[in-house]
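Student: Line by line, the protein sequences are chains A and B. For the first sequence, the working numbering begins at 1 and goes up steadily by one. For the second sequence, the working numbering begins at 1 and goes up steadily by one.
Keep in mind that the hints were calculated from the coordinates and are not lab data. Keep in mind that a hint or two might mislead.
[To be verified] Chain B regions said to be covered by chain A (calculated; three or more residues, Cβ under 8 angstroms):
#1 69 to 83
#2 87 to 96
#3 234 to 244
[What the hints assert, rightly or not] Just the calculated beta-carbon pair ranges, DEER-fashion:
#4 B:L229 to A:P13: 29 to 37 angstroms
#5 B:R78 to A:T214: 36 to 44 angstroms
#6 A:A124 to B:P19: 25 to 33 angstroms
[What the hints assert, rightly or not] Heads up, simulated EDC-like pairs for lysine to aspartate or glutamate below, C-alpha to C-alpha not over 20 angstroms straight-line:
#7 A:K119 to A:E108
#8 A:K23 to A:D212
#9 B:K241 to A:D68
#10 A:K107 to A:E123
#11 B:K242 to A:D64
#12 B:K9 to A:E108
#13 B:K241 to A:E81
#14 B:K242 to A:E66
#15 A:K173 to A:D150
#16 A:K74 to A:E108
#17 B:K242 to A:D68
#18 A:K241 to A:E254
#19 B:K242 to A:E81
#20 B:K241 to A:E66
#21 B:K9 to A:E127
#22 B:K2 to A:E111
#23 A:K74 to B:D239
#24 B:K2 to A:E108
#25 B:K9 to A:D88
Each residue gets a CB set at the ideal place from its N, CA and C atoms; glycine is no exception.
Letter by letter, the chains look like this.
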Amino acid sequence: MIEISGLTKNFGPIAAVAGIDLKVVKGEVLGFLGPNGAGKSTTMKMIAGYLAPTSGRVSICGHDVENDTIAAQKSLGYLPEGAPAYGDMTPRQFLNFIAEVRGYSGKEAKERAAAAATKTELEAVLEQPIETLSKGFKRRVGLAQAILHDPPALVMDEPTDGLDPNQKHSVRKLIAAMAADKAIIISTHLLEEVEAVCTRAVIIDRGRIVADGTPAALLSRSRHHNAVTLSLPADQAAAAKARLEKEANVLSVEETSRVDGIATITAFPRASALIIEDLTALAAAERWDVKELYAEAGRLDEVFRALTTHDAQRVRERRQGAGA
Amino acid sequence: MKPVVAIFKREFLAYFATPLAYVFIVIFLLAMGAFTFYVGHFYDNGLAELSVFFGYHPWLYLFLVPAVGMRLWAEERRVGTVELLLTLPVPIWASVVGKFLAAWAFIGVALVLTFPIWITVNYLGQPDNGAIFASYVGSFLMAGGYLAICAAISASTSNQVIAFVVSVVVCFLFTIAGAPLVLDVFQAWAPVVLVNTISSFSFLTHFQAISSGVIDLRDLVFFGSLIALFLTVNVVLVDLKKTN
Chain A
1 MIEISGLTKN FGPIAAVAGI DLKVVKGEVL GFLGPNGAGK STTMKMIAGY
51 LAPTSGRVSI CGHDVENDTI AAQKSLGYLP EGAPAYGDMT PRQFLNFIAE
101 VRGYSGKEAK ERAAAAATKT ELEAVLEQPI ETLSKGFKRR VGLAQAILHD
151 PPALVMDEPT DGLDPNQKHS VRKLIAAMAA DKAIIISTHL LEEVEAVCTR
201 AVIIDRGRIV ADGTPAALLS RSRHHNAVTL SLPADQAAAA KARLEKEANV
251 LSVEETSRVD GIATITAFPR ASALIIEDLT ALAAAERWDV KELYAEAGRL
301 DEVFRALTTH DAQRVRERRQ GAGA
Chain B
1 MKPVVAIFKR EFLAYFATPL AYVFIVIFLL AMGAFTFYVG HFYDNGLAEL
51 SVFFGYHPWL YLFLVPAVGM RLWAEERRVG TVELLLTLPV PIWASVVGKF
101 LAAWAFIGVA LVLTFPIWIT VNYLGQPDNG AIFASYVGSF LMAGGYLAIC
151 AAISASTSNQ VIAFVVSVVV CFLFTIAGAP LVLDVFQAWA PVVLVNTISS
201 FSFLTHFQAI SSGVIDLRDL VFFGSLIALF LTVNVVLVDL KKTN
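With the hints as extra help, turn the sequences into a complete structure.
Tutor: The following block contains the structure:
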């Protein structure tokens with residue numbers, strides 16, 4: 001549905017996007033992750049036909065974005081970064097305008113606008129100028145605009161940025177409800193969001209894809225994947241740590257905290273081995289006074305940090321690259 | 001055509017959603033009145049005609065049209081709505097034309113609201129209403145010419161102040177293209193054809209021709225093609241920004 005091949009974009013000497021290939025099909029919700037400045041927004045702008053790529057192709061439902069722009073844009077719903085909207089209009093006027101520009105007229109335009117407003121829970125503010133709305137409502141006006149024509153492809157740049165936890169939850173519910181019959185790309189730097197709504201996660205860094213897989217597959221690359229954490233009285237901690245290190249499948253053991261006489265110890269497995277059962281049995285056999293014991297799925301932020309670079313480092317490298 | 005109509009409607013109503021429209025219209029009317037009656041001594045002339053009134057139009061447009069035109073694209077760029085507009089399934093020309101027509105219609109509304117002066121001359125005497133009508137048509141066309149220039153300049157920046165200042169300067173040059181200030185620069189070295197061509201771009205010359213009561217096809221073609229030229233430049237500038 002959305003096909004990207006060899007996409008690059010240079011701003012002067014800087015390569016913001018450096019060869020991205022991606023195919024998103026119906027039913028997929030792709031989480032586009034990356035540090036700020038990694039090229040997420042630039043890629044999305046090119047998908048939407050706002051920026052022309054330096055090289056490479058984007059097609060939406062078979063329509064080439066550069067040569068068949070209007071047809072491609074008809075099949076696409078796009079929420080730009082920051083959800084821009086005409087502040088002097090009310091959400092009702094704004095959505096009616098979008099409906100008319102998208103070719104609906106009269107009653108159908110009004111119905112489309114009303115349906116989009118209902119889906120994004122905007123009814124309460126329909127008659128207030130957009131510039132007077134809170135950040136959460138503004139973002140949802142942008143969302144409503146993007147889904148108004150029920151597009152087969154949907155690209156949203158940080159759809160939940162600036163929303164409170166309740167609003168985030170309802171937006172994620174909305175995305176999940178639409179997921180079955182659309183190809184969706186959302187960019188975010190909230191890692192929890194990927195686990196909450198995405199069926200696939202792509203991490204980009206310095207304009208290149210550095211990881212592509214299901215959220216679970218990404219988690220399995222974490223050091224914490226299948227690690228076991230247990231809490232027990234501090235006086236047993238040293239002995240427990242020494243005992244755990246002797247286990248065949250345990251690679252290393254770390255004490256992570258000590259609060260109110262309770263120590264927390266994490267045992268990292270060798271080659272992602274499942275060690276929870278062995279360690280539970282061990283704790284019982286050794287008669288440790290265990291307060292808490294659980295296996296971890298993995299930490300996405302750890303994977304993210306391992307795969308991407310810090311912004312200051314990127315700027316340094318760019319300078320060196322430009323100087324060379 | 002549908003998107004052009006939708007964009008026209010949105011833009012036109014946007015003027016009236018903010019104080020901009022009212023401030024502009026009031027200042028336009030006050031300035032027209034002040035120039036006509038105090039600077040132009042409309043009553044003292046004792047003539048039932050509006051040439052004094054129309055004579056000030058180019059000079060007022062010089063500042064007021066850039067004030068309307070500067071926001072057309074620069075504002076969208078600054079707020080970021082241009083990204084929304086250009087990712088809707090609308091050809092760039094449709095956005096350019098819709099925006100231009102809305103601003104032009106808005107200036108048209110301000111121009112129509114000067115009708116009391118037309119009633120006044122008709123009350124005071126028997127003016128040549130044909131000439132007055134021609135002058136209104138000419139004035140409106142000239143406003144369209146200025147506006148097309150301003151819209152194109154607005155498309156090249158996200159800073160409204162820059163758009164305004166550059167627009168005033170460019171409009172000024174077009175206004176007085178036939179005057180020595182401009183022609184002297186070229187006369188010494190340029191071939192006569194070029195000097196004549198430059199002088200033929202003078203808004204003043206074409207407007208004065210129409211306000212004399214003769215709507216000559218050449219003057220219509222001049223303003224028409226000038227508008228078309230700058231709208232094309234506008235489309236090209238918006239399209240060029242896509243690559244950067």
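Student: Would you mind marking each hint as holding or not holding in the structure?
Tutor: Taking the hints in turn, this is what the structure says about them:
1. 69 to 83: Since 4 is at least three, the answer is holds.
2. 87 to 96: Answer holds; 5 residues pass the 8 angstroms Cβ test.
3. 234 to 244: holds (count 3)
4. B:L229 to A:P13: 29 to 37 angstroms: holds (35 angstroms)
5. B:R78 to A:T214: 36 to 44 angstroms: Holds, at about 41 angstroms.
6. A:A124 to B:P19: 25 to 33 angstroms: Hint holds: Cβ distance 27 angstroms, inside 25 to 33 angstroms.
7. A:K119 to A:E108: holds (16 angstroms)
8. A:K23 to A:D212: holds (11 angstroms)
9. B:K241 to A:D68: holds (19 angstroms)
10. A:K107 to A:E123: Judged against 20 angstroms, a Cα distance of about 18 angstroms means the pair holds.
11. B:K242 to A:D64: Cα-Cα ~16 angstroms, so holds.
12. B:K9 to A:E108: holds (18 angstroms)
13. B:K241 to A:E81: With a Cα-Cα distance of about 18 angstroms, the restraint between K241 (chain B) and E81 (chain A) holds, given a limit of 20 angstroms.
14. B:K242 to A:E66: Between K242 (chain B) and E66 (chain A) the Cα gap is close to 11 angstroms, so the pair holds against 20 angstroms.
15. A:K173 to A:D150: Within the cut-off at roughly 16 angstroms; holds.
16. A:K74 to A:E108: holds (17 angstroms)
17. B:K242 to A:D68: With Cα atoms ~15 angstroms apart, K242 (chain B) and D68 (chain A) stay inside 20 angstroms; holds.
18. A:K241 to A:E254: Holds, at about 8 angstroms.
19. B:K242 to A:E81: This hinted pair holds, its Cα atoms lying about 16 angstroms apart.
20. B:K241 to A:E66: Given that 20 angstroms is the threshold and the Cα spacing comes to 14 angstroms, the pair holds.
21. B:K9 to A:E127: holds (18 angstroms)
22. B:K2 to A:E111: With a Cα-Cα distance of about 18 angstroms, the restraint between K2 (chain B) and E111 (chain A) holds, given a limit of 20 angstroms.
23. A:K74 to B:D239: The hint holds at about 19 angstroms.
24. B:K2 to A:E108: Status holds; Cα separation ~14 angstroms.
25. B:K9 to A:D88: holds (14 angstroms)
In the structure shown, no violation is registered for any of the earlier numbered hints.
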